[in-house]
Amino acid sequence: MEAHLEKDREGGAATRSQQESDQSWIPKIIKKRVCTTFVEDSLSNGALCQCGSERETHDSVATGDSFGPANVTQWDSRQHSSEYPTDAFGELEFAGAGRRHSYFLRLSCDTPPQMIYNLMTAHWGLSSPNLVVSVLGGEGHEKIKPWVRDILRKGLVRAAQSTGAWILTGGLREGVSRCVGDAVRDHKAAASAVSQNKVVAIGVAPWGRVYNRQQLVNAQGSFPARYDVQNTTKDTCCLDNSCQAFLLVDNGSVGKRGGETAFQANLEDYISHQRTGIWGSGSIEIPVLCMLISGEPGILERLDASLKKATPWLVLAGSGSVADFITDLVAGDGTACDRVHEKVRKHFPAEAEQEKLVQTAVSIYQRRDLITVFNGEQEGPDDFDTVLLKALVRASKRVSSKASEYIEELRLAVAWNRVDIAKAELFNGEIQWKYEDLEESMTDALINNKPQFVRLFCGNGLNILNYLTNERLETLYRSLSDSSLAYMLLQKHLSERKSLVGSLPSVNGGASGVMKTFQMKVNTATSLMDLTLYEVSRLLQDLLDDVCGPFYYQTLGLGNEMGNRRTIKRVKKILQEECTYRNQRCPSPWAALFIWAVLQNRAEMAIFFWEMIKEPVLSALGACKILRELSKLESDTESKLGMKQLAQRFENLANDVFGECYQSNESRSFTLLIRKSTEWGGATCLEMATAADARLFFSHDGVQSLLSQIWWGDMERSTEVWKLVLTFFVPPIIYTNLIKFREPEEEVSLSAFYPIRDNDSIEGIDVLSMSADSVQNEEELEEQKTLKVNIKDSVQTHSKRPFIVSRWRQFWYAPVTSFLGNVLMYFLFLCLFAYVLLVDFKPPPPDGPSVLEFVLYFWVFTLVCEEIRQTFLGGSLFLSQRIKKYIQDNWNKCDLTAILLFLLALLCRIFPWSFDFGRTLMAIDYMVFTLRLIHIFAIHKQLGPKIIILGKMMKDLFFFLFFLGVWLMAYGVAHQALLYAYDPRPTWIFRRVYYRPYLQIFGQIPINEMDADKLQESDCTYNRTEIEAGAEPCLSIYANWIVVMLLVIYLLFTNIVLVNLLIAMFSYTFSKVQEHSDIYWKFQRYNLIVEYHSRPCLAPPFIIFSHLHILIKRHIRRIPSGKNQHFVLELKGRKASCLNTWEAVQKEDLLSAQNKKLRESDTVRLQRTSVKVDSVLKQMAEIRDHDRRLRVLETQLDYCCSALSWMTEALSQSNVVSTSRPPPLHKDVTPLSPS
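Each residue of the sequence shown is one higher than the one before, starting from 0 at the first, in numbering that gives the first Met the number 0.
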């Protein structure tokens, strides 16, 4: 599977790389515009065309045709320019910017917006927006007010980050576009990588106004084009490096504004008809909002045209010129043309075409409900995102009169993932939500990974039982991202099904609503549109191995025992019929959604579904198993790490919940561990924890307590081992008090499922008791009494068994007794094997074998019978699955190797010609049987972790031997070549190249062959013919000193560097395992207990009697074994319901404790303090503003008082006014001051 997956991933990466590098198709589709007709500009004395370019740049033929300057007075882009293949596209690198490349494209103003939108999303990789804000106005060198900059930085960019928006700007370093670019740049400098990707700034600029645009021209595309930002001219401006993409709209003009206006309006209109979410699976179309800041009078036509297309506008009151005019127009009465004319004259006194502006203003006023005025000086940037939401809701309500305002607001909040707005505005208790209102938004939240909204909907009227049908569950699986691992695995299973039965008809005919819209957006050739729950079941079966039964088989009407081909044929038949299962409710909706979220590695959503699930401990372990299996197949490093972390998080949750259960009730927690789950295909917690390698869970005291109880059987756990060993030799001791046995606990068994009195209560009421309104009737009470009587009868029946028989069974049927018996007999077997091998190994027949050797053969035969029993006669799995499960265990491989070697040695020792070879195999086989003892000591608390350390050290030793082998070959070949000029004997070459250098590591250095001064005379020759005939070759002394130097280097590296490296690796492994030795040992202990629990009580060779007993009792008389209930217990009806309720209560207690701890943590306290400080600062800012206003008012009052005093004095001295009394005197009130 891994190889197939890697192949798919490599193919996808190669396709993406090819799409990025090969963009030769762009000039064939996308065009530019070039002015081809010279229309003289009267202000330039004939030097310039009205397009802005010089006469020399125009075609000489076009200059003198019938459209010459004598006949044409106004230049028009469509008439006087022509389209040619674009010559500027690719990636843009800003010199000295130090950021990733931006995309750019020169395109004609008549280019279809659909083409450009697909280019940006599919080829440039820009994520589809949840909102588009087009910032307009403030062109040129107009000064932008400081509060407008704050709105852009703190309001617009923050709202865009929280919603995942596109910001369309002018793309040039001037006016409002520059302010937006600065705000985006500041945001990216302080935000994380994820937040940076949520804010996408796209510059839509006229090609003719781009400074240094010739640096972008390249007919083959620029990857990248280096762009220098320099001082600009009057008619041109540099590009803003904060934009991720530039659409350079070309209408054939140079240095003229407005060439991009029509294209930008068309692009906004096209985007407003696309849907949000993955593959357009959202519940709403992408909202588009135009934001007006200041502006020139010419933008009124653009505003009017957009309003006619129902595009909402947000106007910043007080930002300048046109924005102030629109604010005044919307606030007043615009029905009378005279009043509109008056306002136009007031705001635009210098404009010549007053009547045209009045007509446009009246048209705008008629659609004023699409305009929202935002007073930034009064409201502040903190309320900006809410204002955006309200503006879009008003627009959507106007477009669709049937739509509820609250539903549209909810859809926008979901699209933006703003759960805070939804809680504050929509789910504050004032609105009564219905299931139908939330259904579509719930699907949107699930597909687009918005867990906070899923939690909000489930708590406010959405019934998950009614929502999740089998059809909708299949739709959720079809919505998987094509880059996810689960998508590839499901696609693989879908391809396998189609390859076996041929192509099937499309199964999406019954889809409705959002599912139908979603399915239309996906390419059926490469998607999962034919996916069914069968493929999901196959995927889960691959990930969970044999721990669980098949998922969704009962839903599809399939049998668990059916083969693969029969199952596929049955699935094909079901799909060709009406598929009635799709309209049925999912039997376990929370579990189905939980598995769906886990397969996508969606942490927060999976945690929420886990909180709602029935069996939290088993579900957490199941998620741990799925994630760890997926991490083995995942090739992306970041995704692999995320899966491992989430798997560990679920293991911790399982451990914590079980800890709560164990502290609450020990007996019930034991039942929880061995209870068969109906939602997880009959798996138990212990089986799932073993498959998931959940060592932390196994190290819990509650799990170990259950294992110890099973290990000791009915004996007390404090029994010394020497008493058990003594009982093996003196069996009557079991009837004395030397070994203590536990008495049957009637009350524990009674309260395991029906605890009448327990401390697990909520507000003083028993968890399992009924409320006062629903008291148990007499029939239920009678049923409970009958159950108690049955349990008592079973206990009495057990106690009525004769004491001799019952005590005998209690001792010999305990796993610890079976283990010790096997250990003692295995030591006896090794002693017999060694005696036969060393003393009593007779010659071949007829002289041998001896009697003891025949006993050894029989003993091995009983071992073979036990291995056959373990492989073929255990469990409910298929035969192939049993064999696979048996071979997966390393110690079973060791047993199999030992048995096969013994059988081969037995065959060889029978014949005289292979007798010695058979004895050699026997000797080697004895080593294998002896090494098998290591597994027996895994039960020991000190020796068990050491065995694990030994196994991990073997892996370290492999890497050491690799480096050592490289040095052995390097030194050995050089050593042989320098000492012997010619020696073709293969055996000697091997000995001198590998064997001798290896011995030299341990100090066996032949000095007499290396040192020329110590060479000894010998009978040797240099003749090649004699050497080939078998003569000893002579040593070469030509480069003898080099051999000594190589020896020194070789020994220095091997004895010091490599050996110390090995020691360091061993030390690291030892410290790593020793640190968690207790966890390792407890996990390893479980496998040993399960093994000896399932074994017969007698050890080989007497185990043959147990095998005969099992054969008669289990397979002939069909009597089930009672020992299986120690590890697997099936509960039904009220028993299962009571246990699930009790487990859920413990989970809720744990979550409450964790939430309380989280609320009291330093991080949360700091957040609360930060909110309070922000509130205080805001209030202080308001106080300062009020103080400023009071000071201004005070200054104005002082002026008024001075003026009135002057007037009074003047009037009193004149003869104009005659009065009978003098003017009043000013009474000076001394302000109070602290003394």
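No lab work stands behind these hints, which were simulated from the structure alone. Just so it is clear, CB atoms sit at the ideal spot from N, CA and C, and this is done for glycine as well. Each hint should be verified, as a subset may be incorrect.
Label pairs and their computed distance ranges (CB to CB) [stated by the list, open to error]:
| no. | residue 1 | residue 2 | range |
| --- | --- | --- | --- |
| 1 | G257 | Q583 | 21 to 29 Å |
| 2 | N1007 | D955 | 46 to 54 Å |
| 3 | Q113 | N582 | 30 to 38 Å |
| 4 | Q644 | A309 | 44 to 52 Å |
| 5 | F962 | L1107 | 50 to 58 Å |
| 6 | Y856 | R564 | 53 to 61 Å |
Against the structure, the hints:
1. G257 - Q583: 21 to 29 Å: The hint (21 to 29 Å, Cβ to Cβ) is violated, given that G257 and Q583 are roughly 60 Å apart.
2. N1007 - D955: 46 to 54 Å: 37 Å, violated
3. Q113 - N582: 30 to 38 Å: 37 Å, holds
4. Q644 - A309: 44 to 52 Å: 46 Å, holds
5. F962 - L1107: 50 to 58 Å: The hinted range 50 to 58 Å holds for F962 and L1107, with Cβ atoms some 55 Å apart.
6. Y856 - R564: 53 to 61 Å: Check failed, 44 Å falls outside 53 to 61 Å.
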